[in-house]
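Chain by chain, the residues run as shown.
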Amino acid sequence: MTDVSLIIGGPQGGGIESAGQVVIRALVAKGFNVIGTREYHSNIMGAHSYFHLRFTDKPARALRLPVELVVALDAESALTHVWDVSGKGFFVYDADSKDQDAGRIASMELSLKKRLKETLGPKGGATVGNAVRLVEERGATPIGLPLKALLKKVSDETASPLAAIAKTINVMGLAAGLYLLGIEYNYIAKGIELQFGGRPKVLKPNLVAAKVAVDYVEANYGKQRALPDGPHKGRRRMLASGNDIVAMGKVVGGLTFQTFYPITPSSDEAFYVEENMYVDVNGSKASIVVLQAEDELAAVNMILGAAAAGARASTSTSGPGFSLMNEAISMAVMAEIPIVISLWMRAGPSTGIATRQGQQDLLHAIFAGHGDTPKIVVASGDHREAFYDAIKTLNWAEEFQTPVIHLLDKYLAATITVLDEWELDVSKLEIKRGKREEAPGNDYKRYEITEDGISPMAPLGKVPMLVSSLEHDEYGMVTEDPVDREEMVMKRLRKWRTIANSIPEEEKLVLHGDPDARVTLISFGSTKQAILSAMEDLAASGIDVNFLQFRILSPFPAETASKILERSEKIIGVEANFQDQLSFLLRAHTGIYVPYRVRKVNARPLYDSEVVHAVEKIVKEGAREVVVSSGA
Amino acid sequence: MTDVSLIIGGPQGGGIESAGQVVIRALVAKGFNVIGTREYHSNIMGAHSYFHLRFTDKPARALRLPVELVVALDAESALTHVWDVSGKGFFVYDADSKDQDAGRIASMELSLKKRLKETLGPKGGATVGNAVRLVEERGATPIGLPLKALLKKVSDETASPLAAIAKTINVMGLAAGLYLLGIEYNYIAKGIELQFGGRPKVLKPNLVAAKVAVDYVEANYGKQRALPDGPHKGRRRMLASGNDIVAMGKVVGGLTFQTFYPITPSSDEAFYVEENMYVDVNGSKASIVVLQAEDELAAVNMILGAAAAGARASTSTSGPGFSLMNEAISMAVMAEIPIVISLWMRAGPSTGIATRQGQQDLLHAIFAGHGDTPKIVVASGDHREAFYDAIKTLNWAEEFQTPVIHLLDKYLAATITVLDEWELDVSKLEIKRGKREEAPGNDYKRYEITEDGISPMAPLGKVPMLVSSLEHDEYGMVTEDPVDREEMVMKRLRKWRTIANSIPEEEKLVLHGDPDARVTLISFGSTKQAILSAMEDLAASGIDVNFLQFRILSPFPAETASKILERSEKIIGVEANFQDQLSFLLRAHTGIYVPYRVRKVNARPLYDSEVVHAVEKIVKEGAREVVVSSGA
Amino acid sequence: MVRKWIDYKTEAWVQWCPGCGDFGILNAIYRALAELDIDPSKLVIVGGIGCSSRSVYYIKANAIHTIHGRAIPVASGVKLANPELTVVVTGGDGDLLGIGGGHFVALGRRNIDMTVVVYDNGVYGLTKGQAGPTLPVWLKTKALPHPNIQGSVNPLLLAFAAGYTFIARGYAFHLNQLKDLIKAAIQHRGAAVVDVLQPCPTYNDIMTNEWYEKRIYYLSEDSSWDPVVRSPQELKEKAPKILEKMMEFEDRIPLGIFYQNTYMETLEERLEKLMPGYLSSPPGRRPVTKPLAHPFELFKDKVVQV
Amino acid sequence: MVRKWIDYKTEAWVQWCPGCGDFGILNAIYRALAELDIDPSKLVIVGGIGCSSRSVYYIKANAIHTIHGRAIPVASGVKLANPELTVVVTGGDGDLLGIGGGHFVALGRRNIDMTVVVYDNGVYGLTKGQAGPTLPVWLKTKALPHPNIQGSVNPLLLAFAAGYTFIARGYAFHLNQLKDLIKAAIQHRGAAVVDVLQPCPTYNDIMTNEWYEKRIYYLSEDSSWDPVVRSPQELKEKAPKILEKMMEFEDRIPLGIFYQNTYMETLEERLEKLMPGYLSSPPGRRPVTKPLAHPFELFKDKVVQV
Ligand SMILES: Cc1ncc(C[n+]2csc(CCOP(=O)(O)OP(=O)(O)O)c2C)c(N)n1
Ligand SMILES: Cc1ncc(C[n+]2csc(CCOP(=O)(O)OP(=O)(O)O)c2C)c(N)n1
Ligand code: SF4
Ligand code: SF4
Ligand SMILES: [Mg+2]
Ligand SMILES: [Mg+2]
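Those protein sequence lines, which keep their order, are chains P, L, E and H. Residue 285 in my numbering sits at position 285 of the first sequence, with consecutive numbering throughout. Basically my numbering = 1-based index in the second sequence + 632. Basically my numbering = 1-based index in the third sequence + 1264. Basically my numbering = 1-based index in the fourth sequence + 1570.
Just chain P, same shape as in the assembly (with noise of 0.2 Å):
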């Protein structure tokens, strides 16, 4: 069986990004699934930045460290990684950056500098030479690629002056891992082709440049035995990002106005949202409204109108830009206008550290908005649950004329995943566009009090209706009669006790696992995968465990949740916060205490790895808070 993680590293916008792409294209083409992710700071050029991924015969859940490839293409990577990589792993550099030291790249940050010098300064100093000694001496393959004299080459046999080839070293790097790995170059070839086969004239090098890089390593370290096919060669497939996966969902799921205001990780969804605002369905064009806001404040406040107006309608966000749209959510619930808000969650407080992972917005979002602002709250916890979610949330919101905030992270969005066709089957799904009343009467009442508290919607322009923000009669006529306001506020209250029954408890929370195992795992959202896949190596070193994943937040399935959980003994909260939101909204609705936690503060994403470390320290050392710190 296959199943293999590996990092390639480089300097932000040099050419790293299609290289990790290549490297999902030709382990698809070779019938492996993969998963695989991006971290990056937040700049645009020369920062440090990594692809980690991983590919399997199985399903490609998680990422996991230590990982049996690093290819690290400058100084910068070698130095980042060196803890990474496996005892039996392969550590690809530059051969010729072997004397630069941490201390004199500008762009490295100076904590990691002071780590290196504290691991390596025994060693003699800093250097990417040392940094090559001690992974060799921890029993790694180090491989010193000589990047410059490799260059040299594609640039004579391409016939094409050095600096026009220069972003070749991607894929020398690449090709001469993924070789070393038991990937052949025909497949690597095909991973080129795909990536950048609209573009000969880089097209064309690239496929030289991982040539010259695999034979340099068949002459210099020998043939290496091929892997296996993995069993979905020759599959149509699709590979998709958490931020396409989500537009993907939107615009099958009948959007027709979407606004964004640019803000990381989200505003690659809006995005693939624009380029595909114009879709050809059978000849006939539907178009979506893109458009960037001003702000925040203008983004959510124009769905509002759009939504009022009859478009099916969401904005996409992060934190910060959240924040900015507590009021309008606010103003949503009382004058009932369907929304969906994407809030793709980063690393906070405040900007915090806008590209990397965190999930610490769950109560936030959850109490978004003044004035008793009950609304749902839910939380995908991968690829296939968001592109589902991205259509339920605007169902939901449509029938229940409500903002429903769809929780993500820049994990998910950042992560790259290889789907197939009938993963994504649509034809069972419905577009429901809850009470439409699309031939009001003149007597429309737009807030009429109903049983069910939901009251039919007629789009504005229909005949002379009032939408409001103020307390209002069944007309949307302003009152602050107490006995209308009671009224209003009942009606509210019944259609929230609604929307609590109508969505279905298996939409809620699902248990994986066995259901008598005796420690629960609980987490939300991306987290997911991770737990999924640590799961079965806990079962593998003898520890049963099972995982309830909550879906929906709000409203909070407390009886379902309770009937699972009285029969854990160990209950273990998995959260990506410190303020352990998950076990605190569990407590609040069940009064069911989480005693153990497992907490990742360190802005990476949870590593399966990391999972089973803690569990066993929990299970086996009896130990409480467990906090897990992995990631460069």
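I should point out that these hints are in silico values taken from the structure, not numbers from a laboratory. Keep in mind that the hints are not guaranteed to be accurate.
Claimed, not checked - Mimicking SDA-like on lysine to any residue, the simulated pairs with C-alpha atoms at most 20 Å apart in a straight line are: (1) K1077(L) - S1793(H); (2) K1860(H) - G862(L); (3) K1698(H) - S18(P); (4) K865(L) - Q1875(H); (5) K822(L) - G862(L); (6) K1806(H) - K1554(E); (7) K117(P) - E1119(L); (8) K445(P) - K1273(E); (9) K1566(E) - A1713(H); (10) K1564(E) - K432(P); (11) K1806(H) - E1512(E); (12) K1566(E) - R236(P); (13) K462(P) - P1504(E); (14) K113(P) - V1707(H); (15) K113(P) - E1118(L); (16) K745(L) - T1274(E); (17) K1872(H) - E1119(L); (18) K114(P) - E1118(L); (19) K285(P) - T1553(E); (20) K1537(E) - T1711(H); (21) K1630(H) - A1071(L); (22) K1500(E) - S1611(H); (23) K836(L) - R868(L); (24) K1630(H) - L110(P); (25) K1815(H) - S1850(H); (26) K917(L) - P1857(H); (27) K1564(E) - K1806(H); (28) K1077(L) - P1715(H); (29) K432(P) - E1536(E); (30) K1554(E) - K113(P); (31) K1870(H) - S1059(L); (32) K285(P) - E1536(E); (33) K1564(E) - R384(P); (34) K1404(E) - P1857(H); (35) K1784(H) - T1711(H).
Bear in mind the structure is a predicted one, so any value in this text is a computation, not a measurement.
Got chain P; can you put chains L, E and H with the ligands on it based on the hints?
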């Protein structure tokens, strides 16, 4: 013993505000304790408005319904308060308004018109005359003042044209009413003098008007028996609204910078600070910069800047404005900048009813701002607490370099109370500014890692230094390093624990009443006095309850609360919101479920009488949830 | 059907103070709508929060009472979702130029076909008379404890800088002239702003009716005044005079249409260029009944056949 | 002590792309500060969020890296709390004119004595090249999937409408001229804005160095150019020309000081008028050690003796 409640109502902008002030002053002059609040529409002129007061020998804690006196200065008031007068009370109205019909009062809420039609329809229609008949049938004494004729008399006696003295009808009404309650003319006159003393042209006719009204009542209803004087006659006392008292606290407490963006019910606080922005203390002038911002985003961001530059800074707002401050609050947590935000809650969601009561922002305040942002949240129970809290919040903000939210509400804002000099003693109060570094060295680290999580804070302008909303190292320098990140998260977490441990438990919660009582009410904020007042009545009717008042909601006093509540057999939550936000919080922190709930959601203050009824319903009749709905 | 002004009046009690300039503006709006015979079912009035913004309850139309400062983005959403609707924003100087200032600027840039009526009274009426963004410096109106220390912004100049293609100023109590300005603004294709000088007798005791009547005059009194700009070249020629007039606000205050640009495209037109068919099947009216198609069909750039 | 430009440089790695105009601006700032010999301890640099806003880490000073769009209010708070400090805001067009547009306008109204340097590249650099508020309509820069359908705002005109008392435009790669502009802006008493045209080679592949070099020229080439306005009368006389120049942005793009108003009071001066002593004991420096006094002493208007 005297304990009397009254309502005086009339059109907004027609002098009803000063009428209430006169009444309060008259009653204070007679030696009573008084509490009085104003209910008014979000409107400048013409809509119905009223003062609701209570005066007593005892501490004047809370409002009560029904009242012993209704003074209705126009038809709308007479009709609106038809249900509010007690069986033994007086109902003073304009005799000339008898034929006026609710149907034709433009400013009256439609829904109230409907209720009046239902109630008075059987009597022949929703007229004032029929309202008077109803009141009379119920045992109250209607007093029809021929206002037009009396006004003519005032006009003659003062030799002023009618139009110039039209507003004296307010004083006529209140004078008649007070006289009926046993307040002698000389106290009424004193009240008038205190209110209008500075403006002789207004004073004179009002004194005459009062006399005319009192004479009329005496002539037609006989000389009334005077009430015995209250116990506080002759004392130097202060009359202050909640808005005033917070402003006073801030000024006394060393505020140097205040911003605001106008919003009801907070503006009057900023306004009173502004009036006192240039304070003369023993001949030397202390100035406070008070700046009206262009919006709440600017209001809060300006104080971030000012506080970073060494100012003791605060801003003041209500729900909609607070919603807009979320992002900056998150920055305050990240950049560790001390700011105080006074949050005057009102009826939401969204614009809601801008001038009416609500307690719906508790959870929003606690979870304001994305990204793990714990902050201090303090709720004042009454004016005295609000005064001290205004100072303490400034202290805590600076001691802990954190945002502090001071939760207040419309009821407190608009309620005037009488205070004695000793109640506002400041001699034992300290000004604390925390670890303030006035002479930072060249290697100054703004975010130095310390044991208690608190770093010495130098104001800007001393030495080059960095303050940052991005994740940073000890110097404030941006970093994305995972180790730096975790260290800083942990520093902030330690700081939060320091905060939780440093603030004494007795600041956080107060158990009122018999610690052994079997029934415990829990609540926060301005419901305090209604509950305390109700407890006296409940005790009288044999129901022994105590009251756990939560003053600091974050950090939450979980352990102490648990210990206290363990002893209770029945816990009843009393809140003016429909999400039972305090009960939610309590359970989240302690696991304790609050099975009984008293809710008020009609945007009116909580009356002690309602608490009594609700608790009786729960304790005697076994009700679980009681929605109380009094108030016009 | 030819409608009369009364057809646009709702039954709601109009909650303004006696003598408030808002009455004048409301009446002018009624009349402009009637003369244009706009179907109330296809008319959307969007208000922020303030005395003025309450107009939404008094005009028979589709109306949204939004939140303070956000009327323009909400209205933009409405218009772009259903461009066949006539959209009019009614709001105060505080709402549109203070808290909403950023959106006010952004609408100019976009040139969405809608009309913004600024009820410009120099104060925050509904919150009891604090200084508004158009209150001149050092004025001390009734409710202010100290004179206003913040300067004022010139709404016309701001609108011009932002890119509005129709800019006019009216006076609240000149019913006919104001009606004509609002009519012209609604008829204009593009983002139009009408700044209406509005006495607030309750709080602005300086800029009263008398104060204004003494100062105002109409640009059209100069018969050569022609604010229409049909080309970039004409803009260049006319701009100095237009801007000079916009800056006049002392002893003499000009009223009328200052600027009308007839060549600038609207955002809707640009959207139609990008996506032909947008106008006939816009976001608010496009039928959405079932999932569009399988992602493998729609997003071919993401599919790999390997 | 006379400082050199290098004295203002920090050790931090400057994270901009090769060829970025931000380098030019930063260098000009260093030099302006050095020529003015400003004490870094008394200098506050306030940045929003964006490539440009990162300048806060590169200038030796007291610095605040605030949140996106809010640098101006934060800076205003700093300045009003301690008016002896020199306050400079560094930010992008998106930060200052897009999300921060409302605050940009408000600062003009207030005329607080500080300097705003707009790094104007027409794009949202740090978020990867979306259209900025100064990107002209229909341009399709590299990262945009479709041409820009939103119009652009003219920062100079906007600043003028808002009330800034010093308005200049510079070019990122004209070190000396830009240095002089920034110097003059800092020296100016009042709210000053310097709009700096800044090539972003990574995302704005249209408005490149060549593009600019072909178009830019200096107002001072006309030796009669005098942007200083010393009285309302002079403003009236000079405004048409000033505005005409501000509107020029096609084949020819003028640089230099467009407008400097020397007679307008700053907000700090107004505060000092209201509260004599404010400037010498401002909010950030006034010692606060014990409660001011008993409320019965301070708030006599609330005390009744009955
Ligand atoms: C976010 C927010 N901040 C403040 C308010 C309070 N508020 C209501 S109306 C108003 C100002 C009204 O002034 P203007 O827009 O000029 O309208 P006018 O009343 O003068 O017509 C304010 C500040 C609010 N409703 N929401
Ligand atoms: C509230 C909020 N919204 C969005 C962002 C994301 N963001 C970071 S920088 C930036 C724009 C930068 O553009 P500009 O201000 O022009 O600066 P430049 O990078 O071009 O120098 C944005 C939108 C944010 N940090 N905060
Ligand atoms: S306060 Fe002023 S603007 Fe508001 S209704 Fe009264 S007069 Fe009109
Ligand atoms: S993206 Fe543009 S603005 Fe940002 S650093 Fe690179 S070149 Fe400069
Ligand atoms: Mg106004
Ligand atoms: Mg920019």
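Quick rundown of the hints versus the structure:
With a C-alpha separation of about 50 Å, the suggested pair K1077(L) and S1793(H) falls outside the 20 Å cut-off, and the hint is violated. Between K1860(H) and G862(L), the direct Cα distance comes to roughly 36 Å. Violation of the 20 Å bound is thereby established for this hinted pair. Proposed proximity of K1698(H) and S18(P) is supported: the alpha carbons are some 16 Å apart, at most 20 Å. Distance hint between K865(L) and Q1875(H) is fulfilled; the C-alpha atoms sit about 9 Å from each other, no more than 20 Å.
A hinted pair counts as satisfied when its Cα atoms are at most 20 Å apart, and K822(L) with G862(L) qualifies at roughly 15 Å. A distance of roughly 62 Å separates the Cα atoms of K1806(H) and K1554(E); the hinted pair therefore is violated under the 20 Å criterion. A C-alpha spacing of about 19 Å is found between K117(P) and E1119(L), which places the hinted pair at or below 20 Å, so the restraint holds. Between K445(P) and K1273(E) the CA atoms are separated by roughly 18 Å; this keeps the pair inside 20 Å, and the hint holds.
Distance check on the hinted pair: K1566(E) and A1713(H) sit about 19 Å apart at the alpha-carbon level, within 20 Å; holds. With a C-alpha separation of about 26 Å, the suggested pair K1564(E) and K432(P) falls outside the 20 Å cut-off, and the hint is violated. A distance of roughly 9 Å separates the Cα atoms of K1806(H) and E1512(E); the hinted pair therefore holds under the 20 Å criterion. For a cut-off of 20 Å, the pair hint linking K1566(E) to R236(P) stands: about 11 Å separates their Cα positions.
Restraint check for K462(P) and P1504(E): the C-alpha separation of about 44 Å exceeds 20 Å, so the hint is violated. With a C-alpha separation of about 46 Å, the suggested pair K113(P) and V1707(H) falls outside the 20 Å cut-off, and the hint is violated. For the given pair, K113(P) sits about 17 Å from E1118(L) by alpha-carbon distance, which is consistent with the 20 Å threshold. Annotation: proposed proximity of K745(L) to T1274(E) holds, straight-line Cα distance about 18 Å (limit 20 Å).
Our distance criterion of 20 Å between C-alpha atoms is broken by K1872(H) and E1119(L), whose separation comes to about 51 Å. The straight-line distance between the Cα atoms of K114(P) and E1118(L) is roughly 16 Å, inside the 20 Å bound, and the hint therefore holds. Between the alpha carbons of K285(P) and T1553(E) the distance comes to roughly 15 Å, so the proposed pair stays at or under 20 Å and holds. Between the alpha carbons of K1537(E) and T1711(H) the distance comes to roughly 18 Å, so the proposed pair stays at or under 20 Å and holds.
Proposed proximity of K1630(H) and A1071(L) is supported: the alpha carbons are some 18 Å apart, at most 20 Å. Between K1500(E) and S1611(H) the alpha-carbon distance is near 47 Å, which puts this suggested pair outside the 20 Å criterion. Distance hint between K836(L) and R868(L) is unfulfilled; the C-alpha atoms sit about 25 Å from each other, more than 20 Å. Among the hinted pairs, K1630(H) with L110(P) is consistent with the structure: their alpha-carbon atoms are about 18 Å apart, no more than 20 Å.
Of the pairs offered as hints, the one joining K1815(H) and S1850(H) is violated, with about 40 Å between alpha carbons and a cut-off of 20 Å exceeded. Proposed proximity of K917(L) and P1857(H) is supported: the alpha carbons are some 12 Å apart, at most 20 Å. A distance of roughly 61 Å separates the Cα atoms of K1564(E) and K1806(H); the hinted pair therefore is violated under the 20 Å criterion. Among the hinted pairs, K1077(L) with P1715(H) is inconsistent with the structure: their alpha-carbon atoms are about 45 Å apart, more than 20 Å.
Simply put, K432(P) and E1536(E) have alpha-carbon atoms about 28 Å apart, too far for the 20 Å limit, and the pair is violated. Proposed proximity of K1554(E) and K113(P) is contradicted: the alpha carbons are some 56 Å apart, above 20 Å. At most 20 Å may separate the alpha-carbon atoms for a hinted pair to count; K1870(H) and S1059(L) meet this at roughly 18 Å. Between K285(P) and E1536(E) the alpha-carbon distance is near 12 Å, which keeps this suggested pair within the 20 Å criterion.
Among the hinted pairs, K1564(E) with R384(P) is consistent with the structure: their alpha-carbon atoms are about 18 Å apart, no more than 20 Å. For the proposed pair K1404(E) and P1857(H), the alpha carbon gap of about 31 Å is over 20 Å, so the pair is violated. Proposed proximity of K1784(H) and T1711(H) is supported: the alpha carbons are some 19 Å apart, at most 20 Å.
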